[in-house]
Amino acid sequence: MRVKLYEKISKLSSPKYYFLLILAITTILLPLALNPFQVHVLVLVYIYAILAESWNIIGGYSGQGSFLNAAFFGIAAYASSLLFILYGISPWIGMFVGAFLSVLLAIGAGYLCFRFGLKGHFFFLASIGITVAIQRAFINWYWPVNGDLIGGAYGVWVPVIKGDSLYHFQFRGKAPYYYIALAILLAELYITYKIQNSKLGYYFTAIRDDEDAAESLGIDTLKYKIVAFAISAALTAPAGTFYAQYFLFIDPFTVLTDMLSIEMVIVAVIGGMGTIFGPVIGAMILRPIMEYVRAFLGARSGLDLIITGLIIIFIATLRPRGFIKWFEDGYNYIAGHLPTIHVGGEKERAHSGS
Amino acid sequence: MVEITLILQVIIGGLLLGSIYALIASGLDVIYGVMEVINFAHGEFIMLSMYVSYWLFVLYGIDPLISLAIAPLICFIIGAIFQKLVIERVLGAPIFIQTFATFGLLILLQNIAMFLWKEDFRSTGISYGTIAVGDISISIPRLISSIGCLVTVGALYVFFSKTKLGMALRATSEKRDVAKLMGVNISYMYWLAFGIGTMCAGVAGVFISTFYYLYPTVGSVFILMAFVICVLGGTGNLLGALVGGLIIGEVEVLSAFFIGPQWKEVVAMIIFVIILLFKPSGLFGGRK
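Same order as they appear, the protein sequences are chains Z and S. Every number in my numbering is 18 more than the matching position in the first sequence, counting from 1. Every number in my numbering is 2 more than the matching position in the second sequence, counting from 1.
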């Protein structure tokens with residue numbers, strides 16, 4: 019036990035590991051040092067990283083360009099908000115209900131599409147069609163509350179609770195949201211890491227690279243595409259509930275629009291799809307640019323998205339693998355130039371650990 | 003009891019709408035047929051052309067029907083340049099990256115319009131009047147538009163079936179490598195196809211500007227239906243685009259009339275998904 023602990027500590031003497039530790043501690047302490055707007059930007063970065071990460075499972079690893087993820091997001095947002103408003107159920111439980119409904123949708127839509135062999139562009143278009151149909155259904159769907167109608171095109175306001183309440187998933191400050199978003203993101207990164215290094219992950223990438231070859235090797239491609247879709251749906255859902263509780267307002271035009279799916283794709287591809295950290299990097303690059311341009315020039319100036327459009331065209335043309343390579347190089351460069359810390363004279367060990 | 007003239011009026015409205023859809027879908031079809039790229043920015047070319055026609059009318063008093071000579075040309079040039087600079091570089095990449103590049107163009111064009119002209123709804127405000135046939139009245143701009151769109155689709159059809167250039171384009175769409183061996187300049191064909199495709203959107207845009215509002219995201223109104231039509235008629239098939247356009251036009255107005263205007267897109271999307279599932283090659287689609 020003691021030896022193991024010692025080995026772990028001596029591992030930290032290598033720059034590769036202690037640099038990571040510094041990054042982690044900085045991430046945790048950031049809300050204390052930043053102003054609310056900066057924390058808000060970071061929360062958005064995390065939301066988009068979560069969305070792109072979950073899209074990454076179906077789009078990046080399994081190679082099925084899904085547009086349905088906006089529907090998973092919206093359904094979870096609606097499920098938790100409506101359960102809370104109509105029955106007073108905690109959004110945390112609503113989050114799981116939303117995830118369950120999203121998974122059902124993913125299995126249903128996935129079975130339909132993949133059973134009939136939709137691939138590439140056709141899966142793309144079919145999933146856009148389903149998303150738009152769901153959005154239109156929500157635009158025309160109202161729920162009675164105390165004699166009033168909520169929902170539909172008016173959207174749903176989540177009732178505001180006095181003070182902070184973990185049970186109600188509502189806080190006055192931004193820091194609690196920051197930590198919740200961070201926790202969800204880390205959990206999803208861990209899940210993605212586990213999937214990538216499991217048999218399941220190899221099945222997914224095999225299907226992406228050559229579906230016929232995968233099928234001939236005995237992989238049940240229909241089953242694993244649906245599995246990938248369901249995992250993607252389950253991972254998208256928490257972001258939906260989080261979004262609803264963070265902004266306290268949802269409507270079909272913001273949480274169920276196909277534009278949201280496009281944004282997930284953009285973030286994932288800009289960072290590097292089919293990689294664990296790609297989507298996070300994409301969100302880190304894109305969101306701050308957009309939010310700051312919006313803050314300085316107004317929300318509807320269009321300039322933020324002009325820049326986004328240029329970045330997309332740039333990435334598509336010159337760097338289809340995304341920004342992740344540059345980040346890896348940068349990380350390795352910094353880690354390579356930091357000194358090794360020697361713990362207790364165990365130089366040899368420290369070096370072999372790096 | 004619904005009156006028969008009312009239904010007739012609705013059906014005619016559907017045909018007028020459908021022929022405009024047919025032209026938009028033809029443009030998408032040309033691009034998809036020749037290079038297998040779905041141009042998500044197609045609606046934005048409609049929007050662009052509508053603005054060109056609008057500004058020419060407002061600033062210089064040029065009738066939109068005259069700007070038919072200008073706006074589509076601008077669309078052609080932008081489309082061809084985009085093809086040359088961006089799509090050509092990513093043709094070898096996974097299909098995903100090509101689509102992704104057209105998203106970039108979509109967002110870019112939409113927001114340049116947003117930046118320059120703000121979110122206001124504008125309208126050329128021309129009134130060409132209406133003509134009445136019995137109890138049925140038809141708005142003249144819509145009639146002109148739909149005839150103009152049909153003529154353009156017809157011209158495209160003739161271009162592809164009768165001219166040498168059109169045949170070279172078709173050869174490229176059928177077998178890229180063989181066409182290359184036969185001395186067809188593939189790279190030239192590609193930018194020509196992209197230009198023609200976006201030009202179709204440009205022509206449709208000019209016509210639409212005579213009777214519809216314009217705003218930066220107006221393209222999304224038409225693009226979705228254009229996807230439906232392409233799939234319905236069989237991708238890369240002009241006849242399919244024409245028939246599909248007329249069908250979807252009818253579906254849209256009839257479902258708006260009988261079920262309610264808010265459900266017309268849902269009906270279209272359900273048809274879309276059903277076609278995709280059961281006959282992804284479309285009504286007129288062969289193998290390709």
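A few of these clues could be false.
Label-pair ranges, simulated between beta-carbon atoms [stated by the list, open to error]:
#: 1; chain 1: S; residue 1: 123; chain 2: Z; residue 2: 130; range: 48 to 56 Å
#: 2; chain 1: Z; residue 1: 185; chain 2: S; residue 2: 9; range: 55 to 63 Å
#: 3; chain 1: S; residue 1: 9; chain 2: Z; residue 2: 166; range: 46 to 54 Å
#: 4; chain 1: S; residue 1: 17; chain 2: Z; residue 2: 165; range: 38 to 46 Å
#: 5; chain 1: S; residue 1: 123; chain 2: Z; residue 2: 165; range: 40 to 48 Å
#: 6; chain 1: S; residue 1: 94; chain 2: Z; residue 2: 40; range: 55 to 63 Å
#: 7; chain 1: S; residue 1: 79; chain 2: Z; residue 2: 110; range: 50 to 58 Å
#: 8; chain 1: S; residue 1: 179; chain 2: Z; residue 2: 40; range: 53 to 61 Å
#: 9; chain 1: S; residue 1: 83; chain 2: Z; residue 2: 227; range: 27 to 35 Å
#: 10; chain 1: Z; residue 1: 129; chain 2: S; residue 2: 17; range: 34 to 42 Å
Covered by chain Z, per the in silico footprint, the following chain S stretches (three or more residues, Cβ under 8 Å) [as the list claims (entries may be wrong)]:
#: 11; region: 82-94
#: 12; region: 144-154
#: 13; region: 265-277
These aren't lab readings, by the way, just hints derived from the structure by calculation. Source: prediction; values computed, not measured. Yeah, the Cβ is synthetic: ideal placement off N, Cα and C, and Gly gets one too.
Hints versus structure:
1. Against the hinted window of 48 to 56 Å, the Cβ-Cβ separation of residue 123/S and residue 130/Z comes to about 38 Å, which falls outside the hint.
2. The supplied range of 55 to 63 Å is met by residue 185/Z and residue 9/S, whose beta-carbon atoms lie about 57 Å from each other.
3. Remark: the range hint 46 to 54 Å for residue 9/S to residue 166/Z is contradicted by a beta-carbon distance near 37 Å.
4. Range check, residue 17/S to residue 165/Z: about 45 Å between beta-carbon atoms, so the 38 to 46 Å window is met.
5. The given range of 40 to 48 Å is broken by residue 123/S and residue 165/Z, whose C-beta atoms sit roughly 34 Å from each other.
6. Between residue 94/S and residue 40/Z the CB atoms are about 41 Å apart, so this pair departs from the stated range of 55 to 63 Å.
7. At about 55 Å, the beta-carbon gap between residue 79/S and residue 110/Z stays in the expected band of 50 to 58 Å.
8. Take residue 179/S and residue 40/Z: their Cβ atoms lie about 54 Å apart, and the range 53 to 61 Å holds.
9. Against the hinted window of 27 to 35 Å, the Cβ-Cβ separation of residue 83/S and residue 227/Z comes to about 33 Å, which satisfies the hint.
10. Taking the beta carbon of each, residue 129/Z and residue 17/S are about 37 Å apart, inside 34 to 42 Å as hinted.
11. Counting residues of the region 82-94 of chain S whose C-beta sits closer than 8 Å to any C-beta of chain Z gives 4, which meets the bar of three, so the coverage hint holds.
12. Counting residues of the region 144-154 of chain S whose CB lies closer than 8 Å to any CB of chain Z gives 0, so the stated coverage by that chain is violated, three being the minimum.
13. Requiring three or more residues with a Cβ within less than 8 Å of a Cβ of chain Z, the coverage given for the region 265-277 of chain S holds, as 7 such residues are present.
In this structure, the earlier hints numbered 1, 3, 5, 6, 12 are contradicted, and the remaining ones agree with it.
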